[in-house]
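Engineer: Sequences are here, hints too, so could you generate the full structure?
Note that the protein sequences, when read in sequence, are chains C and V.
So the first sequence is residues 175 to 253, counted in my numbering.
So the second sequence is residues 7 to 376, counted in my numbering.
If you're looking for bench data, these hints aren't it; they were derived computationally from the structure.
Among the hints, erroneous ones may be present.
Stated by the list, open to error - Derived list of chain V stretches under chain C, where covered just means 3 residues or more per stretch with a C-beta under 8 angstroms from a C-beta of chain C:
1) 118-126
2) 134-148
3) 156-166
4) 260-270
5) 278-289
Backbone N, C-alpha and C define an ideal beta-carbon position, used for all residues, glycine too.
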Amino acid sequence: MIAAIDTAALLELMWAAPLAVLTITVAYGLVINGAARMAEARRDGRSAAVGLYAAVAIAGGALFAAAVVFGLIIMISKD
Amino acid sequence: MDSDIILIIVVGTALAFDFTNGFHDTANAIATSISTRALAPRTAVTLASVLNFVGAFISLKVAATVAGGIVDAKLVTTTVIFAGLIGAIFWNLLTWYFGLPSSSSHALIGGVVGAAFAAAGSKAVLTDGLLEKVIVPAVVAPVIAFLAAGGAILLTYRMVGRLRPGPVNRGYRLGQIASASLLSLSHGTNDAQKTMGIITLALIAHGDLTGAAPNPPTWVVVSAASAIALGTYSGGWRIIRTMGSRIIKMDPAQGFAAQTGGAAVLLTAAHLGFPLSTTHSITGAVLGAGAAKRLSAVRWGLAGNIVIGWILTLPAAAAVGALTYGLSNIFGSGALGPLLISVSLLALMAAIFGQRVRRGPALTTAPRET
Numbered sequence: 175m176i177a178a179i180d181t182a183a184l185l186e187l188m189w190a191a192p193l194a195v196l197t198i199t200v201a202y203g204l205v206i207n208g209a210a211r212m213a214e215a216r217r218d219g220r221s222a223a224v225g226l227y228a229a230v231a232i233a234g235g236a237l238f239a240a241a242v243v244f245g246l247i248i249m250i251s252k253d
Numbered sequence: 007m008d009s010d011i012i013l014i015i016v017v018g019t020a021l022a023f024d025f026t027n028g029f030h031d032t033a034n035a036i037a038t039s040i041s042t043r044a045l046a047p048r049t050a051v052t053l054a055s056v057l058n059f060v061g062a063f064i065s066l067k068v069a070a071t072v073a074g075g076i077v078d079a080k081l082v083t084t085t086v087i088f089a090g091l092i093g094a095i096f097w098n099l100l101t102w103y104f105g106l107p108s109s110s111s112h113a114l115i116g117g118v119v120g121a122a123f124a125a126a127g128s129k130a131v132l133t134d135g136l137l138e139k140v141i142v143p144a145v146v147a148p149v150i151a152f153l154a155a156g157g158a159i160l161l162t163y164r165m166v167g168r169l170r171p172g173p174v175n176r177g178y179r180l181g182q183i184a185s186a187s188l189l190s191l192s193h194g195t196n197d198a199q200k201t202m203g204i205i206t207l208a209l210i211a212h213g214d215l216t217g218a219a220p221n222p223p224t225w226v227v228v229s230a231a232s233a234i235a236l237g238t239y240s241g242g243w244r245i246i247r248t249m250g251s252r253i254i255k256m257d258p259a260q261g262f263a264a265q266t267g268g269a270a271v272l273l274t275a276a277h278l279g280f281p282l283s284t285t286h287s288i289t290g291a292v293l294g295a296g297a298a299k300r301l302s303a304v305r306w307g308l309a310g311n312i313v314i315g316w317i318l319t320l321p322a323a324a325a326v327g328a329l330t331y332g333l334s335n336i337f338g339s340g341a342l343g344p345l346l347i348s349v350s351l352l353a354l355m356a357a358i359f360g361q362r363v364r365r366g367p368a369l370t371t372a373p374r375e376t
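Structural biologist: This is the structure:
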């Protein structure tokens, strides 16, 4: 019966799925962190910090959007 | 004439199953969004309903076999499919009544396995397929989702824990709208196709479609998409309450971790050709997001009941599927058996619904928006 289980796919799933979850978590965490700190920096008038945190938020947002698009591609192309 | 009647009954029963699939699984996509107030209840079910409908059109690679690789396809008749659907509908309604999230796909497989077993004995059931496609994924999905969502929430608290809670909560609520949308779309692509596959198979058996893997006719796609969307819109509030607030009381970051954790596990598994149950993944993720914050925050008694429900899904749906096939067979192999069973069940459901309406609000009342 063990032969019936695709152990290679199962093992790959065990590291790939948590990695995907953690990547998305970090990406969205960067969006939240960047946006919140950017607002604080803007209130304090620190323009250099505003730019830096905006870049962090944008990078996180781009990574999150890429993950969503990849999810959509998986849905569309699945057998 | 008999085969025409059986075909109509199978199509009607498949759409009824699709409807129960929709309202049973609404919770998977939107329960956490409602409990964290990322979305108002009615807005959430409307969004999920529309995206389920759209999702049904995204991919039309419909499997021409029901429970393929699990039962011997040569032994699957329209009566076996009918009996399997009744088993699945029974289990969906029972678990919905008790507010327990359970897999509609496993219920359908169980129903068909039971009916095929009653029709042709043990040779109809392929145990290797059962192990590979049902039992192993049922164990793997919640465990991986539990660990992944648990890790995600710990990382989240580390990244945003020192920020002011107001903007953080608003940000994660926004993120939940994206993850709920992705889950709803994914549900539409997966689950509406099961119904399309069942109806397509019945049409092949009836001689209306030919070829090894014919595409479903447009009316099949539209009716399956509509049934699952309507089911989703009606909202299975009992399961939404369980998933959203009874297992754990969650904050927006936990809701986001649970939803994205479940979605990422599901989509990664689909990418690797190892399909998992949406219900098992999301429930595991909700438990993980709660337990990682504080073990005592999780209502483990309720979690235990959910797991018992998962263990019982296959045998219970199989038993009802086998019983339905046996009852139908008493009246011969024609349409009389399925017809009598359908009419009896419709009468029973109408009586139960009528009695319930007389007692008070309808069963699918949305939680109050405060």
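Engineer: It remains to establish, for every hint, whether it holds in the given structure.
Structural biologist: Structure-based check of each hint:
Check result for the segment 118-126 of chain V against chain C: violated, 0 residues qualifying (beta carbon to beta carbon below 8 angstroms, three or more required). Check result for the segment 134-148 of chain V against chain C: holds, 6 residues qualifying (beta carbon to beta carbon below 8 angstroms, three or more required). Counting residues of the segment 156-166 of chain V whose CB lies closer than 8 angstroms to any CB of chain C gives 6, so the stated coverage by that chain holds, three being the minimum. Remark: the segment 260-270 of chain V is confirmed as covered by chain C, as 6 of its residues place a Cβ nearer than 8 angstroms to a Cβ of that chain, reaching the required three.
With 3 residues bearing a CB less than 8 angstroms from a CB of chain C, the segment 278-289 of chain V meets the requirement of three and the coverage assertion stands.
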